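With the sequences and hints as input, model every part of the structure.
So the sequence shown is numbered by this note's numbering: it starts at 1 and just counts up by one.
Source of the hints: derived by calculation from the structure; they are not laboratory data.
None of these values were measured; they are calculated from a predicted model.
Cβ coordinates follow ideal geometry from the N, Cα and C atoms, glycine included.
There could be a bad hint or two in this list.
No farther apart than 20 Å at their CA atoms in a straight line, the calculated lysine to aspartate or glutamate pairs in the EDC-like style are these [as the list claims (entries may be wrong)]: (1) K161 to D126; (2) K108 to D126; (3) K21 to E176; (4) K161 to D194; (5) K161 to D114; (6) K21 to D206; (7) K161 to D116; (8) K96 to D86.
Per label pair, the in silico range of CB-to-CB distance [what the hints assert, rightly or not]: (9) P42 to A172: 17 to 27 Å; (10) T152 to R49: 39 to 49 Å; (11) H12 to W159: 15 to 25 Å; (12) Q17 to S110: 33 to 43 Å; (13) Q17 to V112: 34 to 44 Å; (14) S110 to P52: 28 to 38 Å; (15) S160 to R195: 36 to 46 Å; (16) P42 to G14: 13 to 23 Å; (17) V112 to A172: 20 to 30 Å.
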Amino acid sequence: MTVQVKICGVGHPGAVQAAVKGGARYIGLVFYDRSPRHVAPPLAAELARMVPTGVRTVGLFVDPSNEYLEHVVSQVPLDLIQLHGDESPARVAEIKAAFSMPVMKAIKVSSVADLDVVDAYAEVADRLLFDAKPPAKVSALPGGNGIAFDWTILTGRTWSKPWMLSGGLTIANVAEAIAISGAQSIDVSSGVEDRPGHKDPDLILDFLRAAGR
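Next up, the structure:
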């Protein structure tokens, strides 16, 4: 089966064009102001309008209020809301109901025990995303830190909802990550950047090739 790829944290037209040209299935826009990949809604709307039918536009949020979600979705045409903070299963269900939009919930992983919460989120989210748990330091972001977790934690596991692998994926390790984890969808952000927050079109194309697109 062909692996679906999400290029997350795009911030300029060249990145969108490379992702689409290379066969990415998802384009991610980050709406979290502490991230170097943060995009304001007016620019995000321009980028989203470049995304063709058949490619899904994902908005990444971290513990957002309904007011902020409304502020963004009223301006930016999104297909999927990604929740990357400490949102509870109840909050995931609330957001899904309030905005009538599919929701993907990020689960932060460093050990097998971190998977204990998965079933509760699978009941309410449309998709799951497994990302490396951020390092315990004040400057760490909820995601996009360029670190991986032990992919064998996911080997042979199945859940009731489709899931995506994220965290520290690069051109050099993506094929191994897919083989070990069994992921059918993957997400990359810092692994296709030439500097923090800036996607390199050539790296995007190389990554998509390495992922088998």
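Verify the proposed pairing of K161 with D126, using a straight-line Cα cut of 20 Å.
holds (6 Å)
Okay, S160 versus R195 on CB: inside 36 to 46 Å?
holds (39 Å)
K21 and E176: Cα distance at most 20 Å?
Cα-Cα ~24 Å, so violated.
In this structure, is the beta-carbon distance linking H12 and W159 contained in 15 to 25 Å?
Because 35 Å falls outside the window, the suggested range is violated.
Are T152 and R49 spaced within 39 to 49 Å by their CB atoms?
With Cβ atoms ~41 Å apart, the hint holds.
Given the hint that K96 pairs with D86, test it: the Cα-Cα distance must not exceed 20 Å.
With a Cα-Cα distance of about 16 Å, the restraint between K96 and D86 holds, given a limit of 20 Å.
Measure nothing beyond the straight line between the CA atoms of K161 and D194; if it is 20 Å or shorter, mark the hint as holding.
Status violated; Cα separation ~33 Å.
Measuring from beta carbon to beta carbon, are V112 and A172 in 20 to 30 Å?
holds (26 Å)
With a cut-off of 20 Å on the C-alpha distance, tell me whether K21 and D206 pass.
holds (11 Å)
Given pair status - D114, K161, alpha carbons within 20 Å
Within the cut-off at roughly 17 Å; holds.
Lying within 13 to 23 Å: is that true of the beta-carbon distance P42 to G14?
holds (18 Å)
The hint says 34 to 44 Å between Q17 and V112; measuring C-beta to C-beta, is that right?
holds (40 Å)
This entry does not satisfy hints 3, 4, 9, 11, going by the numbered hints stated previously.
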